[in-house]
Amino acid sequence: MTTISAPAGSGKTSLLRAWADRPGQPHRVAIVHVRRDEQDAQLFWLAVLGAVRQAPGTIGGADPPTATPEFNGPAMTDRVLSEFADQPDRVILVIDDLHELNSPDALAELTRLLTNLPGNVHAVLATRRDLPLRLQQLRLSGELAEIRAADLRFSERETRDLLEASGITLSPAALALLHRRTEGWAAGLRLAAISLAHHPDPERFVEEFSGSDRTVAEYLMAEMLERQPEEVQQLLLRTSLPDRVNGELADLLTGRPGSERILLALEDANAFVISLDPERAWFRYHHLFADLLRLELRRALPEEVPVLHRRAAEWFIQHDQVVDAIRHAQAAGDWPGAARLLADNSFSLTLDGQLQTVDALLRAFPRGAGGDYPELALVHAVVDLFVRGRLDEAAAHLAVAATCAEAAPPDRQRRLRVAVASLKLSLARRRGHFAGVAEQAKFLASPVTGESHEDIALGSDLRAVALLSLGTVEAWFLALPGAERHLREGAVLAREIGRPYLEVACLAQLGFASMAGPFATTRRRCHEAIALADRYGWGTDPVVAPALLTLAGNLVLTGEFDEAERWLQRTEQALQTDTGPDIRLPVHIVTGLLHAGRRRHREALEEFSAAEHLQSQLEGSHALASQVTGWMLATQARGGQLGEARASLVALDDERASSGEIGVARAVICLAEGNPATALAAVQNVLDGTAPVVGYVTVVEAQLLAGLAHRELGDQRAANQAAERALGLAESDHLILPFVLTGSAELLEAVPRHETAHAALLADILDVVHGSSLAAKDHAPSAPTEELSPTELRVLRYLPTNLSRVEIARELSVSVNTVNTHVRSIYAKLQARDRSSAVQRARELRLLSAGRMR
Amino acid sequence: MDSAPARYAIRIRGHLGEAVLSAFPALVPQHLGADTVLTGALDRSALYGVLAEVEALGLELVEMNQINPQPESPESGDSRPR
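Chains as they are written, first to last, in this note's numbering: chain Y, 1 to 854; chain Z, 1001 to 1082.
Just to be clear, a hint being listed does not mean it is correct.
Claimed, not checked - Looking from chain Y toward chain Z, a few residues come up when the C-beta cut is under 10 angstroms (computed):
no.: 1; residue: Ser10
no.: 2; residue: Ser14
no.: 3; residue: Ala18
no.: 4; residue: Ser141
no.: 5; residue: Gly142
no.: 6; residue: Glu183
no.: 7; residue: Glu208
no.: 8; residue: Glu218
Said to hold, decoys possible - From chain Z, some residues computed to sit far from chain Y (all C-beta separations above 10 angstroms):
no.: 9; residue: Tyr1008
no.: 10; residue: Ala1009
no.: 11; residue: Gly1014
no.: 12; residue: His1015
no.: 13; residue: Ser1022
no.: 14; residue: Ala1026
no.: 15; residue: His1031
no.: 16; residue: Ala1034
no.: 17; residue: Val1037
no.: 18; residue: Ala1041
no.: 19; residue: Gly1058
no.: 20; residue: Leu1059
no.: 21; residue: Glu1063
no.: 22; residue: Met1064
no.: 23; residue: Asn1065
no.: 24; residue: Ile1067
Calculated from the structure, these hints are not laboratory results. Quick caveat: nothing in here was measured; it's all calculated off a predicted structure. We put the beta carbon where it would ideally sit given N, CA and C, even for glycine.
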């Protein structure tokens, strides 16, 4: 790693460019220029990611559509690291103007990136001041090279070479004078060279310069400007405000043609103008140069400043670069105009995943501007709804926004109405308001019509939002075929209209909507949604949270607790600021199940209670409502809170009380009260199929509770039959959690080994019941296998049997911990996730054949 | 954290011209030999704002002092010899 730390104008950027452009460069160079005063960690990381991928045309509107409403630094760093890992060749990552990065989070993450760079990556950082990057370790291990101001300072000899390259020859005395006056400062020498190039009397120029008390930069800048033709002076001053210009924009700002030619000539003359793209269409000024030009503009033409900002804003609007347009409108002090622009575009920016920018632009308005510019109500609604999940606030703002839309002039009315309609749909979706969404989505029955491109585009946006909303609430109410159809249609439409963010949203909800199907299908869909989100850098964004969470929940059901916990953590990352009840509620459910699976009753109860509490914030009762209540009651009973459980049970309304899930909870309470006969009666209508159930998980729970009740009543035969039926239901999905929740270890252990058709599943269940999480299954089955040790082979021999780990330990006269260690090692070496797959793999490798037995 | 403004004198190499001085509207400039001294009352964030401008404009900072410190009240910290 290399850092270049030196003040403005020391020649850092020039050095980097000259070095990166040198011929015969054997490496790939990824260059990132940090934007002025970059406070947006997301934009910084997107720029890094873009540079690493070498996305072409990273200028302005061509930014890759990867901005996201909520953004997650750690995930982004990991993303960049994995991009590096995918690069076969050596890569040099150059980050210039790093001092402009004013985000502590981004700096902290950058430190992590730098200290974890793979061997094929060399990072070069250029900054005006030393940054709080904690790189001591790299320094100590000799992996950090530092270039500082003294190294960049031109020597007298280098000064002469530089001037000679511009065709300037000075006497040794004048050269020494110039060198002393500028102290070898690169920017000073370059400015001097520009003025000297066509100077009639270079010696006198140097003499006057060294006789002056003015600061080097200011003196030389004034000299340089004065020597330029008038049109060049005007161009430099009038184009200094935007962060970047092209010929057309510069023509507009100067009020005359020919700017592109001048910009090209300035870059060729090495005059602090830098082209930003290979086509040399866009330019920016060296930051120091731009700062000095802006000051000169404000001094010389103060009345022009707002005019120029306004013109820039108009140009950016015409070229669909809305964000720049709004920034210039704000800088011009045109608050009404900026408010109008932001209101008109906030929803479209949202659909492109640029919520963080919307939020930042909103905050740039003067305090209290909301009252002055009621149009901003729409923007507030967007931020409250999608960033913070504050549904009541969003609703209040939305009501104001709806009134504004109706009062808007006809040319804006349509898009404002569409934005309001989309937000209403999204609000109803987030509230779980089935009837509200269905009512508002009625227009889906008629095709998109419109007189203009804009009309049709708006219609399509609204349609996609409606499909997403409808499919989502349908899934919440278990109207699954409709949910699947609408979400699929939504995803297809989103792709057609170039809204990948909406496509990810639809696919993520589709993962959730398929939770009632075979687990393999659910997981595949979740992985598909996550993969698409990953591709756009949205891997830990709220948009993909439903898929992350569904996957976590599914892994809890199959007893893969550690893996589930990892996905749950990623879900939490994605939902950092989002407090919306629609997503928080299922997060509590899955977290509660994970705790329950690990027999942490108190923690589980907290989560289920939180979920139960959030139900009141949603409209109507959703599909999982009885499940949440049932699990909460059962957890209360298992945690010994029998009185509370009974009281909650009594308080339920009839419809809820007659659900299969509550029947199961009642059975748990009865068993805990020592009343197996009543428990049996409580699950009877689940077993005979007359009680409505959310899914077959409830039936498995009911079978097991029946088995436990039979056992206590002394009917071992009926108990075994119930256990066998539960195993039969659980077999195809490898469902394990209900066995753990109901505490069915003894019930299963009592099943005679030869009587069950589900020996491998039974063994896996007992493993989980005895406290080990099944390992993750993501592995390459064909990978070479590490040799098993003799002790591991001895343990392996017992895996195809029904013996639990405790029993294996007894057989081998070792402790359970020892067995656990061996089993973990066996799973790792065989790349198996559970007992059945270990056995299968061992058979494939012939590790279980007699010859290998010792 | 001390948030009350204090008076600072910021000495910069060279004479600053009108344009560059416009970047420091809150400070009064004065030439001192070949240097410029900028004086004014600044709270913390204003002070760091000024330093950032000095850096951004490539100016050479020679020295920086807090001037006219508040006379110490007798109650706060008695440093006289006993």
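Hint check results:
1. Given the 10 angstroms rule on beta carbons, the hint for Ser10 (chain Y) holds: about 9 angstroms separates it from the nearest Cβ of chain Z.
2. At its closest, the beta carbon of Ser14 (chain Y) sits 14 angstroms from a beta carbon of chain Z; the interface hint therefore is violated under the 10 angstroms criterion.
3. Checking Ala18 (chain Y) against chain Z by beta carbon gives a least distance of about 20 angstroms; that is not within 10 angstroms, so the hint is violated.
4. Hint status for Ser141 (chain Y): violated, given a least beta-carbon distance of 31 angstroms to chain Z, over 10 angstroms.
5. A least Cβ separation of about 30 angstroms between Gly142 (chain Y) and chain Z goes past the 10 angstroms threshold, and the interface hint is therefore violated.
6. Taking 10 angstroms as the C-beta cut-off, the interface hint given for Glu183 (chain Y) holds, the closest approach to chain Z being about 9 angstroms.
7. Given the 10 angstroms rule on beta carbons, the hint for Glu208 (chain Y) is violated: about 14 angstroms separates it from the nearest Cβ of chain Z.
8. Hint status for Glu218 (chain Y): holds, given a least beta-carbon distance of 5 angstroms to chain Z, under 10 angstroms.
9. For Tyr1008 (chain Z), the non-interface assignment is confirmed: its Cβ lies about 19 angstroms from the closest Cβ of chain Y, beyond the 10 angstroms cut-off.
10. The Cβ of Ala1009 (chain Z) lies farther than 10 angstroms from every Cβ of chain Y, with a closest approach of about 18 angstroms, so its non-interface assignment holds.
11. With a minimum CB-CB distance of about 3 angstroms to chain Y, Gly1014 (chain Z) fails to clear the 10 angstroms threshold, and the non-interface call is violated.
12. The Cβ of His1015 (chain Z) does not lie farther than 10 angstroms from every Cβ of chain Y; its closest approach is about 4 angstroms, which violates its non-interface assignment.
13. With a closest Cβ-Cβ approach of about 6 angstroms to chain Y, Ser1022 (chain Z) is found to fall inside the 10 angstroms limit, against its non-interface label.
14. Distance to chain Y confirms Ala1026 (chain Z) as a non-interface residue, since its nearest Cβ pair spans about 15 angstroms, more than 10 angstroms.
15. In this structure His1031 (chain Z) is not separated from chain Y by more than 10 angstroms, as the shortest Cβ-Cβ distance comes to only about 8 angstroms.
16. For Ala1034 (chain Z), the requirement that its beta carbon stay farther than 10 angstroms from each beta carbon of chain Y is not met, with the minimum near 5 angstroms.
17. Consistency note on Val1037 (chain Z): stated as away from chain Y, and its beta-carbon is indeed over 10 angstroms from all of that chain's, at 13 angstroms minimum.
18. The Cβ of Ala1041 (chain Z) sits about 23 angstroms from the closest Cβ of chain Y, beyond the 10 angstroms cut-off, so the non-interface label holds.
19. Taking the minimum C-beta to C-beta distance to chain Y, about 4 angstroms, the non-interface status of Gly1058 (chain Z) is violated against the 10 angstroms cut.
20. Against chain Y, the non-interface label of Leu1059 (chain Z) is violated: not every CB pair exceeds 10 angstroms, the least being about 6 angstroms.
21. With a least CB separation of 16 angstroms from chain Y, Glu1063 (chain Z) remains clear of the 10 angstroms interface cut-off, as annotated.
22. No Cβ of chain Y comes within 10 angstroms of the Cβ of Met1064 (chain Z); the nearest lies about 15 angstroms off, and the non-interface call holds.
23. In this structure Asn1065 (chain Z) is separated from chain Y by more than 10 angstroms, as the shortest Cβ-Cβ distance comes to about 20 angstroms.
24. No Cβ of chain Y approaches the Cβ of Ile1067 (chain Z) within 10 angstroms, the least distance being about 23 angstroms, so the stated non-interface status holds.
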